Amino acid sequence: MLKKIIFQTFSLSFLVLSSANSAESGGMPQLNPEFWFSQIVWLVLTFGILYIILSKLVLPKISDNLETRKSQILENIETAEKQREESEDKVKQFEKIILSSKVEAKNIFNEARKKVLNDINKKRIALEKDIDEEIATTEKEISKLKNGSEVKIRKIAIETSSELIKQLIGEEVNNSSISAIVEDRSRKNKEKQDGI
Amino acid sequence: MAANPMYQFKVYRIGPEIKLGEVDISFTNASLFMVISSLAILIIFNLGAKKKSLIPDKIQLLAELSYSFVSKMISDTAGSKAKPYFSFIFSLFMFVLFCNMFGMIPYSFTVTSHIIVTFVLAAFIFVGVTIIGFTKHGLGYLKLFVPSGVPMVLLPLIVVIEIISYLSRPISLSVRLFANMMAGHTMMKVFGGFVISLGIVGGWLPLSFSVALTGLEILVAFLQAYVFAILTCIYLNDALNLHH
Numbered sequence: 158m159l160k161k162i163i164f165q166t167f168s169l170s171f172l173v174l175s176s177a178n179s180a181e182s183g184g185m186p187q188l189n190p191e192f193w194f195s196q197i198v199w200l201v202l203t204f205g206i207l208y209i210i211l212s213k214l215v216l217p218k219i220s221d222n223l224e225t226r227k228s229q230i231l232e233n234i235e236t237a238e239k240q241r242e243e244s245e246d247k248v249k250q251f252e253k254i255i256l257s258s259k260v261e262a263k264n265i266f267n268e269a270r271k272k273v274l275n276d277i278n279k280k281r282i283a284l285e286k287d288i289d290e291e292i293a294t295t296e297k298e299i300s301k302l303k304n305g306s307e308v309k310i311r312k313i314a315i316e317t318s319s320e321l322i323k324q325l326i327g328e329e330v331n332n333s334s335i336s337a338i339v340e341d342r343s344r345k346n347k348e349k350q351d352g353i
Numbered sequence: 031m032a033a034n035p036m037y038q039f040k041v042y043r044i045g046p047e048i049k050l051g052e053v054d055i056s057f058t059n060a061s062l063f064m065v066i067s068s069l070a071i072l073i074i075f076n077l078g079a080k081k082k083s084l085i086p087d088k089i090q091l092l093a094e095l096s097y098s099f100v101s102k103m104i105s106d107t108a109g110s111k112a113k114p115y116f117s118f119i120f121s122l123f124m125f126v127l128f129c130n131m132f133g134m135i136p137y138s139f140t141v142t143s144h145i146i147v148t149f150v151l152a153a154f155i156f157v158g159v160t161i162i163g164f165t166k167h168g169l170g171y172l173k174l175f176v177p178s179g180v181p182m183v184l185l186p187l188i189v190v191i192e193i194i195s196y197l198s199r200p201i202s203l204s205v206r207l208f209a210n211m212m213a214g215h216t217m218m219k220v221f222g223g224f225v226i227s228l229g230i231v232g233g234w235l236p237l238s239f240s241v242a243l244t245g246l247e248i249l250v251a252f253l254q255a256y257v258f259a260i261l262t263c264i265y266l267n268d269a270l271n272l273h274h
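Order-wise, the sequence lines are chains A and B. To get my numbering, take the position in the first sequence, counting from 1, and add 157. To get my numbering, take the position in the second sequence, counting from 1, and add 30.
Hints in this document: simulated from the structure, not taken from any laboratory. Being a predicted model, the structure only gives us computed values, none of them experimental. All C-beta atoms in this analysis are idealised placements derived from N, C-alpha and C, irrespective of residue type, glycine included. You can take every hint at face value.
Simulated pairs of lysine to any residue, SDA-like, Cα-Cα distance not exceeding 20 angstroms:
no.	chain 1	residue 1	chain 2	residue 2
1	B	Lys-82	A	Asp-221
2	A	Lys-227	B	Ser-105
3	A	Lys-213	B	Ser-96
4	A	Lys-218	B	Ala-70
5	A	Lys-218	B	Ser-98
6	B	Lys-81	A	Leu-214
7	A	Lys-213	B	Ile-73
8	A	Lys-218	B	Lys-81
9	B	Lys-49	A	Phe-194
Anything over 12 angstroms on all C-beta distances counts as not near chain A; from chain B, calculated:
no.	residue
10	Met-182
11	Ile-193
12	Gly-229
13	Tyr-256
Based on the provided sequences and hints, a complete structural model is requested.
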């Protein structure tokens, strides 16, 4: 708007000035029809040639370029997508392998553990058996010895007491009465020991 | 003589006088800049189209960005039916843009600052769009002048207004471009003249104005080319997709 006003004032003043100053310019050269036909002819010529060359030669090439670039980019995106999928598959496979190997390792560990436990159990049982047997035999021996020792001790006691009596009194004492006394004493001793 | 800001728009003959019958079609400075602009477009876009690398270099990028810019502009305003006219609108946009931009070089000539040039372009577009409209829709194209949803009382008035606005399209299209270019260049010339007349002491202010105006004018040069092309697309849209 402002521009138009400025332009109008200036152009008007200069139109007035120029018409006053020189007759040859005669206002706006645009309105001088002297070269109108020349301009039209040259415009049609240059613009026509420009249009023909651009539309027939240049623009198809540019649109081809753009199309090929577009298709190339699409292709690249497609291959990239494919590769991404492949790598994802591979990652999945890898994870599967890791999972299966983990399971396998666990299994192996469990089996080994079981085996070792079994072995230990077996050995323990065998050992316990051995120990039991040994204990049993030893106990048997001990009881045998115990039984044997009691009779021996009594015998020895009877013999020694009969000897002692013989030496003390100087005469033979009936063995059976001695043995009865020894028996009685030893029982009392035993009771005493048990009582304690 | 040179102080006259309208002097820059003067057309003069270069070389011999060429006559076609009674008509003078001599090669002028206007013709020279039309040829220069067209050649520049052809050279740049040929270079840009020649290389077919996947990753474009600068000139290829320029060509391809311009291509997609114009093609987006057309598909946004006129839809997919306008695709056959892409080459024309591309050429039109580039021609107007390059003529405007070459006009920004000092001592050059601005082709588009002449009403006859812009009017021929606009008239060609107008006639072309009208022909496309009538061939696509037959007499149904006249429905363009009867907008839907208008009360019957107002209809005669609206139809008259629509017809006038349709017929004034070539004038508005051509005058818009021509007036913008002429106004900008005249203003720059005037401020340039002030720099000289005010001299070393007072000339700095109009000089800084000139610099700012140069930037503005480059913007206007692009914008007017864009407006010219986009209005062509809109007119084409009216002819192709007849719906209000």
